[in-house]
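K.L.:
Sequence:
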Amino acid sequence: MEFVGPPLQRLNDHVYLLKQGTNPKVVIVFFHGLLVDESEKEHAFWSTWRVRGSNDCWPITLLPTRLNSLTEDPYRIRVLALSYESRVSVPEVQIRATDNHLLSENFIESLVMSGLCRNEELDRDVPIILVGHDMGGILIKNFIMEVERAAVTTRTEQAKLVNFLKSLKAVLFFSTPNNGSDVIEKIAGTIPKENRSKLLTLMAVLGSKLSRINSEFKIYRAQSGFQTFAIVASYQTRLNQYWTSHCQKGSEAVMVVEEGSATYDVDGYYSVAADHFQMCQPEALWSYPVTKLRDEVHRQISNCRKIAIAEREKDLEQRYQKLKAVSTEHLATLPSSSEYST
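Using UniProt numbering, you'd call the opening residue of the sequence shown number 1 and step up by one each time.
No lab work stands behind these hints: they were computed from the structure.
Hints are supplied without guarantee of correctness; some may be wrong.
Quick list of simulated restraints, FRET-style, between CB atoms [to be verified]:
#, residue 1, residue 2, range
1, Lys322, Trp286, 49 to 57 Å
2, Ser234, Leu122, 40 to 48 Å
3, Glu329, Thr154, 42 to 50 Å
4, Lys166, Asn12, 17 to 25 Å
5, Ala222, Trp286, 30 to 38 Å
6, Ala273, Gln20, 30 to 38 Å
7, Thr154, Leu323, 20 to 28 Å
8, Pro91, Asn12, 17 to 25 Å
9, Arg238, Glu283, 12 to 20 Å
10, Thr190, Lys218, 30 to 38 Å
11, Asn68, Asp99, 39 to 47 Å
Straight-line distance between alpha carbons at most 25 Å, and here's what the computed SDA-like set of lysine to any residue pairs gives [as the list claims (entries may be wrong)]:
#, residue 1, residue 2
12, Lys166, Glu109
13, Lys41, Glu216
14, Lys169, Thr65
Glycine included, C-beta positions come from ideal geometry on N, C-alpha and C.
Make the full structure from the sequences, and use the hints.
P.N.:
Below, the structure is given as structure tokens:
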């Protein structure tokens with residue numbers, strides 16, 4: 001599959017730059033899920049998010065267009081996408097690359113310590129929005145909790161970790177199996193243990209790893225204040241169209257992620273008329289996933305502008321009070337009118 005447009009820049013081992021916003025106001029990071037086709041290993045970071053029926057990547061094209069339709073002042077956004085080993089079956093020598101703790105450590109280095117989620121031109125933190133599809137949503141949760149733990153235990157560059165967490169404003173989950181997936185669990189059972197991705201254990205129904213991640217994340221986000229939103233697939237998926245290596249021909253359509261699992265512990269959700277994989281592939285500019293992300297970016301930029309205005313007004317008021325105090329003090333030293341008359 002070939003990308004439509006200029007070559008995408010690889011910034012480090014895990015991060016690709018989809019859109020470079022000079023002096024960005026918001027940073028958006030996309031996490032893809034399990035690969036629908038193992039041949040997509042090299043391009044899942046962008047092909048997951050393509051316009052349906054084309055090789056056009058909508059975070060690069062449709063999203064900026066929708067954003068700029070809101071205002072005459074173009075919104076400057078930076079769009080990043082993570083790339084990592086997410087095949088359901090991998091060579092035995094590469095199994096370690098599917099360890100969720102190792103991945104989170106790599107994400108911390110690639111995203112947080114690198115400064116890619118900041119406005120480096122102004123040396124300023126900006127709102128961050130994370131977007132994940134199926135397993136990518138679970139990895140986002142695990143990643144956030146690893147950042148939080150590192151922020152408590154790490155002394156070197158601790159400010160970067162703390163500021164990243166403070167800047168995190170929203171997480172959008174695309175068909176994320178927060179309570180696991182029977183379908184994925186069955187697929188995992190068809191793969192030899194020595195080749196089975198460790199990430200599949202994060203999608204097991206009633207799995208201990210997933211339960212721990214959910215519990216920690218629920219407690220943390222309750223005290224942190226960032227928003228979570230789920231986009232849910234309302235259509236069943238005929239898996240043999242995607243995972244041809246692990247599903248029998250003619251297999252019946254199934255719900256890969258049930259609504260209850262996809263909407264667990266979120267502030268709101270919306271169902272789209274698409275299957276588990278098509279839901280990441282909007283058909284047009286007006287499609288809901290594009291609109292929802294646009295609205296969230298708009299909300300964060302508007303909040304930043306309100307805060308900036310309030311800070312300027314506070315600064316002006318403080319300056320006025322200082323000038324007033326100096327003027328009053330100066331007037332007190334001047335001779336009174338009676339002294340002039342004598």
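K.L.:
Compare the structure with each hint and give your call.
P.N.:
Status of each hint after checking the structure:
no.: 1; hint: Lys322 - Trp286: 49 to 57 Å; verdict: 52 Å, holds
no.: 2; hint: Ser234 - Leu122: 40 to 48 Å; verdict: 42 Å, holds
no.: 3; hint: Glu329 - Thr154: 42 to 50 Å; verdict: 48 Å, holds
no.: 4; hint: Lys166 - Asn12: 17 to 25 Å; verdict: 23 Å, holds
no.: 5; hint: Ala222 - Trp286: 30 to 38 Å; verdict: 34 Å, holds
no.: 6; hint: Ala273 - Gln20: 30 to 38 Å; verdict: 33 Å, holds
no.: 7; hint: Thr154 - Leu323: 20 to 28 Å; verdict: 44 Å, violated
no.: 8; hint: Pro91 - Asn12: 17 to 25 Å; verdict: 23 Å, holds
no.: 9; hint: Arg238 - Glu283: 12 to 20 Å; verdict: 19 Å, holds
no.: 10; hint: Thr190 - Lys218: 30 to 38 Å; verdict: 32 Å, holds
no.: 11; hint: Asn68 - Asp99: 39 to 47 Å; verdict: 41 Å, holds
no.: 12; hint: Lys166 - Glu109; verdict: 17 Å, holds
no.: 13; hint: Lys41 - Glu216; verdict: 30 Å, violated
no.: 14; hint: Lys169 - Thr65; verdict: 22 Å, holds
Of the hints listed earlier, those the structure fails to meet are numbers 7 and 13, in rising order.
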